[in-house]
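Asker: Produce the complete structure using the sequences and hints provided.
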Amino acid sequence: MYTLLKFIKRYGGSTQVFSAFIIMWAGQTFALDSFDTLQIHGFINQGYFLTTDNNLYGKSSSNQGSLALTEIGVNGSIRPLSNLGLAAQGVYRRAGEISDEARIDYALIDWTIADHENYRYGIRLGRVKTPLGFFNDTRDVAFTRPSITLPSLYQERARDLFLGSDGGQFYLNMDSSIGDFSLHINGGKLKDNPKELEISILGADRPGELKSKTSYMGKLGYENKSGSTRFAVSYADVEMFYEPGAADFLSKGNLSFEFLLFSLQQHMGDLTLTGEYLRIHNSITNFGIHFPDFKPTSESYYLQVNYSLSSQLQAIIRYDVAYNNTDDRNGDFYATLTSDPNYSAYSKDQMVGLRWAPKSNWLIQAEYHRIDGVSELSAADNPDLSAAKQHWNLFALQLSYRF
Amino acid sequence: MRRFHYLILFVFSFTSPASQAVEIIANPSIKIESLTISRARNIFSMRARNWANDTPIKVYVLDDNNDLHKQFSKQILGVFPYKLRRVWDRNTFSGTGQAPTTVKSEAEMIKVISSTKGAIGYANKGNVNVHVIKIH
Numbered sequence: 001m002y003t004l005l006k007f008i009k010r011y012g013g014s015t016q017v018f019s020a021f022i023i024m025w026a027g028q029t030f031a032l033d034s035f036d037t038l039q040i041h042g043f044i045n046q047g048y049f050l051t052t053d054n055n056l057y058g059k060s061s062s063n064q065g066s067l068a069l070t071e072i073g074v075n076g077s078i079r080p081l082s083n084l085g086l087a088a089q090g091v092y093r094r095a096g097e098i099s100d101e102a103r104i105d106y107a108l109i110d111w112t113i114a115d116h117e118n119y120r121y122g123i124r125l126g127r128v129k130t131p132l133g134f135f136n137d138t139r140d141v142a143f144t145r146p147s148i149t150l151p152s153l154y155q156e157r158a159r160d161l162f163l164g165s166d167g168g169q170f171y172l173n174m175d176s177s178i179g180d181f182s183l184h185i186n187g188g189k190l191k192d193n194p195k196e197l198e199i200s201i202l203g204a205d206r207p208g209e210l211k212s213k214t215s216y217m218g219k220l221g222y223e224n225k226s227g228s229t230r231f232a233v234s235y236a237d238v239e240m241f242y243e244p245g246a247a248d249f250l251s252k253g254n255l256s257f258e259f260l261l262f263s264l265q266q267h268m269g270d271l272t273l274t275g276e277y278l279r280i281h282n283s284i285t286n287f288g289i290h291f292p293d294f295k296p297t298s299e300s301y302y303l304q305v306n307y308s309l310s311s312q313l314q315a316i317i318r319y320d321v322a323y324n325n326t327d328d329r330n331g332d333f334y335a336t337l338t339s340d341p342n343y344s345a346y347s348k349d350q351m352v353g354l355r356w357a358p359k360s361n362w363l364i365q366a367e368y369h370r371i372d373g374v375s376e377l378s379a380a381d382n383p384d385l386s387a388a389k390q391h392w393n394l395f396a397l398q399l400s401y402r403f
Numbered sequence: 001m002r003r004f005h006y007l008i009l010f011v012f013s014f015t016s017p018a019s020q021a022v023e024i025i026a027n028p029s030i031k032i033e034s035l036t037i038s039r040a041r042n043i044f045s046m047r048a049r050n051w052a053n054d055t056p057i058k059v060y061v062l063d064d065n066n067d068l069h070k071q072f073s074k075q076i077l078g079v080f081p082y083k084l085r086r087v088w089d090r091n092t093f094s095g096t097g098q099a100p101t102t103v104k105s106e107a108e109m110i111k112v113i114s115s116t117k118g119a120i121g122y123a124n125k126g127n128v129n130v131h132v133i134k135i136h
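Chains as they are written, first to last, in the working numbering: chain A, 1 to 403; chain B, 1 to 136.
Read the hints as simulated data drawn from the structure, not as lab findings.
Watch out, some of these pointers could steer you wrong.
Capping the alpha-carbon separation at 35 Å, the derived lysine-lysine pairs in DSBU-like fashion look like this [unchecked claim]:
hint : chain 1 : residue 1 : chain 2 : residue 2
1    : B       : 74        : B       : 125
2    : A       : 359       : B       : 134
3    : B       : 134       : A       : 252
Some chain A residues flagged as far from chain B (calculated, every beta-carbon gap over 10 Å) [unchecked claim]:
hint : residue
4    : 63
5    : 79
6    : 115
7    : 117
8    : 295
9    : 393
Every residue, glycine too, gets a C-beta built ideally from N, C-alpha and C.
Answerer: Printed below as a string of structure tokens:
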């Protein structure tokens, strides 16, 4: 621009020449400086699931297993100005009986307010991904997930709450002599009518709908310079209410979920240790006399070890636990209140797996899980949870490609 | 005194440019001779977006498994390649930034950098007709 102004000063003079230059400049800015920054990327995952009992992503307990987990995403980003970015991603996801839909995963405008060598901050407006733990904001991309099935603290049942929010995000990155710090704070509305969550909390698909109120999520992250150690604390305050339907025995109740999540990862040569711990304070109140208030605390954590056998092949073991209610870990009390078995209140999942990346844009994963408990099963794929088996095994395969 | 000599030797073997076979190269339009290491990290992490003259920074890299990429990442930036990959993937798939362009070979890297305004990448030492940027 500066060079152009000098050029105009020297050679141009008349307004016609000037306007012509401005038009050319505008065109050029778009064609060269901005359009040049356009990037298109995407991913596709195809899974295969076979279980001894209970269903995961389709009829996995049938003899032939299930292919009903397909995820396809395409995104684009562009930087029209030096401090302004635009980005959007569309995702199609078929997941058993739970979902078969295309959605706008994110669509945002990113304004960098300050950009200095050692720190930068800004805001993103629109539909923004939720920063929770190490893996949530890219949870549908196999390459960035720790395994085919996410650890239970990433709650497939409450997935709709985790995806993103319509609102804004403040972000800050800081580099210091001991490493990099990052802060993300989101405020906005989550997806309305999360069916799986409604069934799991209200016991069935009720006539009314769960609706989101303004909710807040934040994450403070640290990473050392080389990237071998990283740590994060995430917090979320998710607020929802129940909008009763016709002839509903439930009244306009409130739901509040307070998440606190600690994440730690350490690389040591060929070995990587990853652990995350989540506590949720649930508060389900004011649903009327037929549905007493309850405020259980849920807990979930896992420890995963990855070992690199070669630059392309990793072996993985993981132990993953979830408790719906820390005051009733084995679910006995829950079983007396409902028709569900006690083991629907927890899940203990031992996993071994292999992760093979023959090329950097291809990934093939295989996993075997031995699971005690069914708290993580989806109601859509297992309509009669009271008939679910306590001990079940899962074999999963997944082929993924990205560009 | 002998111990001191060893110390010197030790420090030297880790910091000597001679032990580094890879160097940062850039398009001649970038009128700088050197970068601080933190600025270089920010550039290759896609956090720094513009050169001082407001030209967009265009970052080129080789495949994650390429030996030259691994050398560059560890020796020049002092960062494990998986950290760069993590940052780029988060950028790309959560809408929070962009990723560098991956080129197929060192020859292509040199060619595309010499012909693209604002471009930066890396190559083996000793290539002629490239604009080398030192780390200070």
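Asker: Each of the hints needs a verdict: does it hold here or not?
Answerer: Checked hints:
no.: 1; hint: B:74 / B:125; verdict: holds, 16 Å
no.: 2; hint: A:359 / B:134; verdict: holds, 32 Å
no.: 3; hint: B:134 / A:252; verdict: violated, 65 Å
no.: 4; hint: 63; verdict: holds, 35 Å
no.: 5; hint: 79; verdict: violated, 7 Å
no.: 6; hint: 115; verdict: violated, 7 Å
no.: 7; hint: 117; verdict: violated, 6 Å
no.: 8; hint: 295; verdict: holds, 32 Å
no.: 9; hint: 393; verdict: holds, 31 Å
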